[in-house]
Amino acid sequence: MNPASSAGVLPTASSWWSRPRLDPRYLIAFLITLVLVAAQFRYHMVGGYDRLAVALGTCLVTEALLSWFVRGRVVNLLSAYISGLSLTLLIKPQGGVLWPFVLGGVLAISSKYVLQYRNNHLWNPTNFAITTLLLAAPNRISVLSHQWGNDLATNLVIWGFGLVITARVRVLHITLAYVASFLVLTGLRSGLLGQPLWPEFAPITGPMYQLFVFFMITDPRTVVSLRRWQIVVVVIIALVETLIRVASDQAWYLPTAFSAAPPLVALALVGPVAKWIDLRRSAPRT
Amino acid sequence: MRWSPAIRRGIIAVPFFATIGLAIRLNEGPVRPPADVARPGFAFRDETAAAGIHFVHQRATFDRKIANVEPHVAAVGASVAVTDVDGDGWPDLYFTSSRFGAANALYRNRRDGTFEDVAASASLADLNRPGDGVCMGSVWGDFDNDGREDVLVYRYGYLALYRNVDGRHFADVTASAGLHRWVNSNGAIWLDYDRDGLLDLYVTAYFRDDVDLWRLATTRIMHNSFEFATNGGKNLLFHNLGGGRFEDVTDQMGVGSTRWTLAAASADFNDDGWPDIYLANDYGPEELYLNDHGRRFTLTTAGLESESKSGMSVTLGDAFDRGRLDVFVTNISERGYLFQNNNLRLNQMVEASRFRNVADATVADAGWAWGAQFGDFNNDGSSELFVANGFISADPHRSYWYAMSKIAGAHSRLFEDAATWPAFGNASLSGYEPSRVFLNRGVGGWVDVADQVGVRDRYDGRAVATADLSNGGAVDVVVANQNQPALLYRDYPDSTNHWIAFRLVATRSNRSAIGAELVLESAGGGGRGGGRKQRRIVDGGMGFASQNDRRPDFGLGVAEWADRVVIHWPSGVQQVLTHLAANQFYTVREPER
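If you read the protein sequences in the order shown, they are chains F and B.
Going by my numbering, the first residue of the first sequence is number 1, and it counts up by one from there.
Going by my numbering, the first residue of the second sequence is number 1, and it counts up by one from there.
A hint or two may mislead.
[Claimed, not checked] Pairs of lysine to any residue residues, derived as SDA-like cross-links and limited to a Cα-Cα distance of at most 25 Å, are as follows:
hint : chain 1 : residue 1 : chain 2 : residue 2
1    : B       : K234      : B       : T218
2    : B       : K65       : F       : L193
3    : B       : K234      : F       : L193
4    : B       : K65       : F       : W198
Derived from the structure by calculation, the hints contain no laboratory data.
If you're wondering where the values come from, they're calculated on a predicted model, not measured in any experiment.
Start from the sequences and build out the full structure, keeping to the hints where you can.
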């Protein structure tokens, strides 16, 4: 755990915008709060404030308890806050059941403490929780069925803020590398399989991808350390996603999670391996 | 002793993996079905063939420009309506088909458990014609108050109004009625919104009225949003002027929704004496139009705006015996991909000006649900729910859901262009889904007993209608299946429970008494029927492309009489009947004054 990030702000701060070392999680938290408020205000996307309360409450309480239990103190809860909001946005349960938000919250936060290598967690917590729930309980949950209106204005707002903030957090290259990889690989897949291009490009204009490219693949705690390797990793993620999509296009049998959320599964498969290699490679030799 | 971090992580791993195990367990549903699943108190038998019903719906074909999505666009049209064509007191059935040249069927009840198709002789068979359009459904009502039920057939194409001439023959009066309008409609209801004693007509529209599905000028005909679309056809309200004439009053009454309405229902939800209109909209939120004394309708939120979905049908029933008409709206659920969830909306309009969604996980997820109807199948005094499911059953090994997931979230410019949609080919989309029969267990929730009661078909159900076809105190269910055979499920309730039913003859209100609401109050008598209020409405069309028996029925449980029945006639007259013996039909005439 980085003590500076747990404190929130590194000591060289001056103004808000010029702070070069503002804990990136504050900006990400701001962005996801903006997304949630805007989506709820315009499209009632949350689907019930009880979901928000349960997801957020579970994440915060779990983080507080586990950090106290493992480290002897309660850490900054910003990451838990981001996970809680992300789960609220992305999980769409069967009926009005709330247990997916409880289990999702527990899984997201506890994965950080259980699935570690060299004191670093390997999975983006939200990505791990949603992928696990989709694999374990596809009869009871789906991912983001409430759309963002399919309209240009909402897309522009989210993309606009997303690009600015990822630039500010210095992970814009990850987002752009993924988007470029997606477009290129989708074009190739479309050509190879003889499929019309536009339906294949369509998903990236949708909400799940917006959350994915701005919040998941750019998670500062789970990306690899060097910029060029960060780009390589997201290209590999896009490649694995393409393979999943090819299999789905061909109606090969896959667990529902793969076809329903290809990018999330691709990240869940590739991300931890990359992070593990990165940690292993960068560890000091003894 | 202080544990090392590794040990602490090991301790945390226990609940962590237990959480994953719990998720897997919860995925499977309840450990043990509720005890009353084995004793639902009724059984259904598929007696379609024995009844002589051999209707098979045939789907439409359209302009080849949208061949890639034709299975989707042409996936509606199977409808069924209950009527009494010849006024003999025995319910008849009218089915529509949707392919050019395919015949609709009017099954006359022979009173011996069998039916005969008299559509051709009644001039109601040949209604799928190039230039006129293809049938999507029908709604029956006595618009001219001559004592015989007439019929409006709605199409992807021109509306068609047929007057019942003599109980056996019908005359096309569309043009003289002023209803020769091209409307790509999936639904219509009769209601008397201004309480003048004449049935008015509300027609829902799906595709825009400038869309001719056989001669498309553009492929930009689809929804502009998956859940917030507003670019559909404009719903229409026609005021009955009398003398067989109708007038379009849509704009002045404020009910011209363009939200891709698939179904409508009407009732007096807020008890102000005026019939309101409730809409189930595809790719959008439901809408409630409150009637302001017949002068204008007001679109109200009523808690409906927070869940934008894909409403397929709207049906009314008293779900919890409160003496209120609650609302059940079906939606789409596909495991892993999409849980839009059916809505069971508790009517709290009088005290809170809103509906409250109380659908539990069981009743919320019926698959890709279409028509649904409430019915007290076991006559215990509580209404069950029958839900038809399944969208497109084709190759069982190919699903369009993955393709759907690609386009559903896309920007509107991509989404609304049919040419952009991935080709369907021979894929299924939520195909082969079983119908559901939800047993009402009150506070114990709902439980699906379809298999136990004998409902095991896997057709692509669309319209569901209920009727007591043998006048014996049972709620039979008729299902029109898309591009597949219709089904008749005969209801066999336990004989220990009793029932009562009413045939209303209006004098000041519209002759069909459509919109009349009946409240049965049982002070006691034991069983589940005792000490409750139940409300029913004379149906002017509800569900999806369907209309029920116009004779409201009540289960009484083991009570052998009904203590009190209050009839709220559409004219505003209230009539009170007391101490009515069970197990019979009552013909009730509206008081003149």
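The hints, checked one at a time:
1. Taking the CA atoms of B:K234 and B:T218, the gap is about 19 Å. The hint holds against a cut of 25 Å.
2. Restraint check for B:K65 and F:L193: the C-alpha separation of about 22 Å stays at or below 25 Å, so the hint holds.
3. Proposed proximity of B:K234 and F:L193 is contradicted: the alpha carbons are some 40 Å apart, above 25 Å.
4. A hinted pair counts as satisfied when its Cα atoms are at most 25 Å apart, and B:K65 with F:W198 qualifies at roughly 17 Å.
The structure is inconsistent with hint 3 alone, although it conforms to all the rest.
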